[in-house]
Structures are given as C-alpha cells and as structure tokens.
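> Sequence:
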Amino acid sequence: MRDTVLVPARAAVPVAFDGDNPGRWLFHCHNLFHMATGMMTELAYDGIA
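Using the numbering used here, you'd call the opening residue of the sequence shown number 5 and step up by one each time.
Everything labelled a hint here was simulated from the structure, so no lab data went into it. From the three backbone atoms N, C-alpha and C, an ideal C-beta is built for every residue, glycine too. Some clues are possibly wrong.
Claimed, not checked - Computed beta-carbon distance windows for the label pairs: (1) G51 with L10: 28 to 34 Å; (2) D50 with A13: 27 to 33 Å; (3) R14 with D50: 26 to 32 Å; (4) A40 with R14: 18 to 24 Å; (5) A40 with A20: 24 to 30 Å; (6) V11 with I52: 25 to 31 Å; (7) P12 with I52: 31 to 37 Å; (8) D7 with T41: 19 to 25 Å; (9) A13 with G51: 29 to 35 Å; (10) A15 with I52: 25 to 31 Å; (11) I52 with A13: 31 to 37 Å; (12) L10 with E46: 17 to 23 Å.
With the sequences and hints as input, model every part of the structure.
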C-alpha cells in the first residue's frame, strides 16, 4: 500500500518523487478493468533537474 493513492473521481493528486532513472514510466491502476478503460498515463523523465 505504500505506493498506492486513492484518487476520487474527477480529482487530481500531486505527486513528489526522486527521479534517478531517466526514461518513460507508466502510471497505472492495477485493476485490469480500469487499465482497459484508460485509467493510466505516462511520465517521461529526461534526467534534467
């Protein structure tokens, strides 16, 4: 549960993280139905602070 955030419908949640591995990372829900209906996004980190 450490990396889990419950986000209410039509809400936003700010996320703070230590970026130490540049690349394209997927944020997603682990519920297959939610993943299939588009509840995921991508974070692109280029390594520049």
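> Quick one: which hint numbers does this structure break? Sort them smallest to largest.
none
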